[in-house]
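A.B. asks: So the sequences go chain by chain: E and D.
Here this note's numbering is used: the first residue of the first sequence is 18, the next is one more, and so on.
Here this note's numbering is used: the first residue of the second sequence is 3, the next is one more, and so on.
Among the hints, erroneous ones may be present.
[What the hints assert, rightly or not] Which stretches of chain D does chain E cover? Using the computed rule of at least three CB atoms under 8 Å from a CB of chain E, they are: (1) 100 to 107; (2) 111 to 118.
[Said to hold, decoys possible] The calculated label-pair distances, taken between Cβ atoms and stated as ranges, are: (3) D/A233 to E/R207: 23 to 31 Å; (4) E/D188 to D/E141: 29 to 37 Å; (5) D/T316 to E/G25: 55 to 63 Å.
Hints listed in this document are in silico derivations from the structure and should not be mistaken for laboratory results.
This structure is a prediction, so every number in the text was calculated from the model and none was measured.
From the three backbone atoms N, C-alpha and C, an ideal C-beta is built for every residue, glycine too.
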Amino acid sequence: MSSLGTAGTKRSARHLLKANAWFVFAFLYVPIVVLVVFSFNGSERVNVWQGLSARWYGEALGNTQVISALRVSLIVAVSSTIVSTVLGTAVALALDRYRFKGRRALDGTVYLPIVIPDITMAVMLLVFFAEAFKLIHTFGPRLTLGVTTVALSHIAFNISFVAVVVRARLDQFDRTLEEAARDLYATPWRTFRRVTLPLIAPGIAAGALLALTLSLDDVVISAFTAGPGATTLPVYVFSTIRQGVTPELNAISTLMLAASITLVVASLALQRPRSTTP
Amino acid sequence: MSSAPPPDAGSSVPAVEMHGISKRFSDVVAVDGVDLQIGDGEFFALLGPSGCGKTTTLRMIAGLDIPSEGRLAIFGEEVASWPPDRRPVNTVFQAYALFPHMTVAQNIAFGLQMRGIRGPDADRQVAEATALVQLEGMEHRRPSQLSGGQQQRVALARALVNHPKVLLLDEPLGALDLKLRQEMQVELKALQREVGITFVFVTHDQEEALAMSDRVGVMSEGRLLQVGTPAEVYEHPASRFVADFIGRTNLLEGTTESPSAVRLDVGAVVTAANELDAGSPAALSVRPEQVRLHRRGEAPEGDPCLDGVITDATYLGHAFVYTVAVGRTVGAGGTSSGDRAATITARSETGSAALAAGEPVSVSWSPAATTVVAD
Chain E
18 MSSLGTAGTK RSARHLLKAN AWFVFAFLYV PIVVLVVFSF NGSERVNVWQ GLSARWYGEA
78 LGNTQVISAL RVSLIVAVSS TIVSTVLGTA VALALDRYRF KGRRALDGTV YLPIVIPDIT
138 MAVMLLVFFA EAFKLIHTFG PRLTLGVTTV ALSHIAFNIS FVAVVVRARL DQFDRTLEEA
198 ARDLYATPWR TFRRVTLPLI APGIAAGALL ALTLSLDDVV ISAFTAGPGA TTLPVYVFST
258 IRQGVTPELN AISTLMLAAS ITLVVASLAL QRPRSTTP
Chain D
3 MSSAPPPDAG SSVPAVEMHG ISKRFSDVVA VDGVDLQIGD GEFFALLGPS GCGKTTTLRM
63 IAGLDIPSEG RLAIFGEEVA SWPPDRRPVN TVFQAYALFP HMTVAQNIAF GLQMRGIRGP
123 DADRQVAEAT ALVQLEGMEH RRPSQLSGGQ QQRVALARAL VNHPKVLLLD EPLGALDLKL
183 RQEMQVELKA LQREVGITFV FVTHDQEEAL AMSDRVGVMS EGRLLQVGTP AEVYEHPASR
243 FVADFIGRTN LLEGTTESPS AVRLDVGAVV TAANELDAGS PAALSVRPEQ VRLHRRGEAP
303 EGDPCLDGVI TDATYLGHAF VYTVAVGRTV GAGGTSSGDR AATITARSET GSAALAAGEP
363 VSVSWSPAAT TVVAD
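Given these sequences and hints, build the entire structure.
C.D. replies: Shown next as structure tokens:
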């Protein structure tokens, strides 16, 4: 009897877990499906279905405000990605290789921007820029918030993400390979160029793609540190939505979703350990 | 180049010369005052258990570690503070350290490229090195597509293509299975004769060291304990550690009575081939294959002899290995009167009559075949 009971419990547990899995799956993806489907809605009104149409994609891409916001987003994303990739990789290398004063402190704090809430980071940066501008103003130049401050803010959080990803790659890196290169007459610099860099390149690329994605997606920090005229695409969407959801926003959001997914998948693919066959 | 050059062949300047070389890592002494000369064209093995400092010694020759103190010269040139890329030596690393993002040919060409040798000249040298280690046809493979033995050959070719003055090998056969290891031992030895380059070989495998090298240096706890030909270190170990580490041996505890006589704790005073200061604790080293077994009382007169009882007999196909208890445990018929017990391992060819456990026997040996060693 007891064995029968156990089997029954097992079966119902399995069904429950299965149902739960489907529920979680639906919870995550139904809103996305709704968004994508309604972005192809021909109707003016979001909640009335009026047949399939790509009309709103056309409207979105014809909207000068959208295009200008997209331009700002791309400038910020590309510049912050380049700078944070270089700096983040340098930080990861320094933490991995050298035993210097303050290394442990840096090791502990370099990842802080990843865990600090966005809103805290945003307020922090805004206060920092305001104070810095005040100080600089006493010497003459008058600086204001703009694309540069948004880009600087994105660099500030992206360095941490790049450093984490590159560090993970460095952990798998066999230092004997560098010794072998040195033994084979390579100078330290050529060892880095010919052996270290090519082997950690996938990690650096993955970090860069992650930085690009995070920069393109950010709302809170961008909204706080952008002046007039430095509106990024997510900030534009956020400010427009206060006047109600429009099918155009659905279209923009769907495009951003597609871009993000592409970048994240590429980043994950690069972080996978090297396969043994080319 | 058809026969092995004797250790002192070629130039009279030693290939590697070390004087008082020490290496400390923070407060750990890895290598402690090593003096060593390795001749031009010699196949030299640094032998010792793991952690004895042999790899650190090799890395100091390569320039991957810088000595804390001492002088190091390669063919007369003081190199102790030179970076590895300036030294005329190359290394075959323990796990080969092949560049995974390069093909076999690119790996082999790396050292040439770094020295500015490119084009047809480099191609020809890479082809020669590839042929030397019999890897033709593998040039465009990646290291991950090769077997362990093939990777080992790539590592050898990558080093030898540069015609180093000294080739350093860090346990290069350690990652191979037994059969392949034995094949590679023969091949490496032949290769060394062919290229005529000084080889410095690090291993913890004493059989490998004895089989391959012209001379062996035995290390323990950072010190170089003994340097000599394989026969010298095997037949005349300079210390208890060397006697015990090189091959199997019976160490019979005792005290020296005169410079060449030892009073064994198991009874009997025996003489050895060498001399030590009298009155100090010492041990007599007798190799198992030097121990002769006789039925009790049939031992020939003259040679040192102990009575005992066989406690174990193991058949190995080509030989028997017997364990004989001697000393206090010997029964009433025995003549030994020592106050300690000991066991002696003896080895005899299978052609002789087999003895069984429990049989009373006498063991004897020739004094010339034994060595008395201090602690």
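A.B. asks: Hint by hint, work out which the structure violates, then give me just those numbers in ascending order.
C.D. replies: 3
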